[in-house]
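*Asks:* In case you want the letters, here they are:
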Amino acid sequence: MSDTPSEAPVKSILPEWVRGPQDFIGGLAMVAVALFALWASSDLQGMHGFSFGAGTAPRMFAVLLLLLGAAVALMGVLKDGPDIAAYSWRGPLFVSAAIVFFAVGIRPLGLVVSAFAAFLIAALGSHETKWIEAIIVGACLTLGCALLFPYVLGLPMPMFPRFLIQ
Amino acid sequence: MELFANLAHGFGVVFQITWWSPSWLFGLSVPISINILMCLIGALVGTLVGVLPGIGTIATVAMLLPITFGLPPVGALIMLAGIYYGAQYGGSTTSILVNIPGEATSVVTALDGHQMAKQGRAGPALAIAAIGSFFAGCVATVLIAVLGAPLTKLALAFGPAEYFSLMVLGLIFAVVLAKGSVLKAIAMIVLGLLLSMVGSDIETGASRMAFNVPELADGLGFATVAMGVFGFAEIIRNLDHGAEMDRNLVQQKIAGLMPTRKDLVDSTPAILRGTVLGSILGILPGGGAVIASFAAYTLEKKLAKDPSRFGRGAIEGVASPESANNAAAQTSFIPLLTLGIPPNAVMALMVGAMTIHGIVPGPQVMQKQPDLVWGMIASMWIGNLMLIIINLPLVGIWVRLLRVPYRLMFPSIVVFCAIGIYSVNNAPVDVVLAGAFGLVGYWLIKHDFEPAPLLLGMVLGPLMEENLRRALLISRGDWSVFLSRPLSAVLLAIAAGLLVLAVLPALRAKRDEVFVESEG
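In order, the protein sequences belong to chains B and L.
Residues in the first sequence are numbered consecutively from 0, following numbering that gives the first Met the number 0.
Residues in the second sequence are numbered consecutively from 0, following numbering that gives the first Met the number 0.
Hints in this document: simulated from the structure, not taken from any laboratory.
The reader is advised that the hints may include incorrect statements.
Unchecked claim - Subject to a maximum C-alpha distance of 25 Å in a straight line, what follows is the list of computed DMTMM-like cross-link-like pairs (lysine to aspartate or glutamate):
no., chain 1, residue 1, chain 2, residue 2
1, L, 117, L, 1
2, L, 445, L, 214
3, L, 261, L, 202
4, L, 367, L, 465
5, B, 78, L, 465
6, L, 117, L, 305
7, L, 445, B, 127
8, L, 152, L, 214
9, L, 445, B, 132
10, L, 445, B, 82
11, L, 152, L, 465
12, L, 152, L, 1
13, B, 129, L, 239
14, B, 78, B, 15
15, L, 367, L, 202
16, L, 367, L, 1
17, L, 445, B, 42
18, L, 261, L, 239
Claimed, not checked - Every beta carbon over 12 Å from chain B, so not counted as near; a handful from chain L, in silico:
no., residue
19, 199
20, 268
21, 384
22, 391
23, 398
24, 401
25, 423
This structure is a prediction, so every number in the text was calculated from the model and none was measured.
Virtual Cβ for every residue (Gly too), placed ideally from N, Cα, C.
Start from the sequences, fold in the hints, and give me the full structure.
*Replies:* What follows is the structure, given as structure tokens:
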């Protein structure tokens, strides 16, 4: 269900008659999601008699989204609209990398290591980062979270790397 | 009289004292009032996010949703509510002093508020904003208490057909009052409805669009999606802008908070009008606090004898929007508490918080959970009182916080969110999902799709399906039931009318006019 943002400048590949590329692509993406949902819910039971099956509502919403997406794309053809906005790669890349690293690391490495590392990875996402101050703040934040979540909020989670504890 | 009994009950809940004996105190017990504490934390956090630009209310509530998991439900909701109305206070502070609205709701406050500050009248501007907010907050609290019971009674008389139509009306309202393209907003709602279908079907138990992924069997976590689409996406988008935001602080000392007699005379009617307008717009689904402040400013400008004063430090231009946004922030709880229908994205998150704690929102909440409802209402009044203290004497501290650079703030938020989302189910997959929705949210922003309606759709999805199912089951498959039952027909007619009006060019221009104030 997740469409990753396209990095390429789409404008160049789009034909002349697309006057609002932003709406056009946006609408098409909605159509794609709707088609995917229709396919994904195709194995579910539909109406039986006058009571809804498990698949009725999902398919209904999917068809609605299909129509709306098509309408949005059509607006992109009929009306002048803004171009595709420029995507930057640095922020999305490092923020996602930090999130994924944390998700993978939390079980084997524990909160302290994975939170601190995730902080530093995320900090790579901005070219303004100053490393000494980032390391200090990251350490303080890690300490704060290591106290807040397990002790104050009572949500237990692994703290230290598994291989150190054993 | 019932009203007073209820309010008294609410205050009783808020002031309830529990004995807290954590293990590290070696058996000692400390008497604390959890709810007062939660209210204070909420008000503080709310002021904080209101002050800091780049962190919105919706994102904050989404981020804190997971950590309320370990709290008692009443305290959790009191805290989240505090964040919402607290942000309305905090936002005005930076608007006035630094000309940086920390919140969308105080964009218009910056127009005249900052001019007043430049003229050396920052103190009165802050004071009027706080007084206006406090007054509006008190009125809204009473309004919630008064309207609560009758609306609940009405809602209980609703059948499934009426409920379904009411939800349609609510969603249409949300679209019409929001900014941007109506068509795209409806598409977002439907996408939200579709996302809510993932997971097992309540009625048949069949697994829907889950692809045998065990983590999806219970559906997409509401907190996960909200944090992705609002929290992570907002951070990525802010990094896009790259450049540090320009933060020219007004350096001069704030001399004297007290407004003059003339200020008070000028602003009293504005506060009253702002409160009324805000209360009404808050109850209506859709705009909530943002549209209330814009509309209030437009109204003041229209009514003023000399409209040219606006934008040059007119005190009405501070008093009215600030009262309106606070009133709206609070009255938007009315549909949530009485009908179980969230009128805007923050309220949708409150529904998420309730669900986390196993409370099914709806008219029955008022009867089954009087502690929750009345405790929350009473806490709002106490919270407003706290906010006056937090904001006026401590204003210097908040302004100093503006110096925290975003380059340190954003990695902290990323890590905090990641830990929070993990702690809900102890599931790493949830963290990855939230990250994926962050990218989806970023894409949506790039294509000018508003993520707020998506959240509304996602919350209302299961409710709409259930009521549609039941309505059609009762009518034996006859779709005309929605039109043959008078109440339902009226609701749908209003919805259709609104939709037609919204697409008409004349009204569109009017609607956009309300929002252009900020660019003027």
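*Asks:* Decide, hint by hint, whether the structure agrees.
*Replies:* A quick look at each hint next to the structure:
| no. | hint | result |
| --- | --- | --- |
| 1 | L:117 <-> L:1 | violated (49 Å) |
| 2 | L:445 <-> L:214 | violated (29 Å) |
| 3 | L:261 <-> L:202 | violated (63 Å) |
| 4 | L:367 <-> L:465 | holds (21 Å) |
| 5 | B:78 <-> L:465 | violated (38 Å) |
| 6 | L:117 <-> L:305 | holds (21 Å) |
| 7 | L:445 <-> B:127 | holds (23 Å) |
| 8 | L:152 <-> L:214 | violated (39 Å) |
| 9 | L:445 <-> B:132 | violated (32 Å) |
| 10 | L:445 <-> B:82 | holds (10 Å) |
| 11 | L:152 <-> L:465 | holds (21 Å) |
| 12 | L:152 <-> L:1 | holds (14 Å) |
| 13 | B:129 <-> L:239 | holds (18 Å) |
| 14 | B:78 <-> B:15 | holds (13 Å) |
| 15 | L:367 <-> L:202 | holds (24 Å) |
| 16 | L:367 <-> L:1 | holds (17 Å) |
| 17 | L:445 <-> B:42 | violated (34 Å) |
| 18 | L:261 <-> L:239 | violated (45 Å) |
| 19 | 199 | violated (9 Å) |
| 20 | 268 | holds (41 Å) |
| 21 | 384 | holds (26 Å) |
| 22 | 391 | holds (29 Å) |
| 23 | 398 | holds (21 Å) |
| 24 | 401 | holds (16 Å) |
| 25 | 423 | violated (9 Å) |
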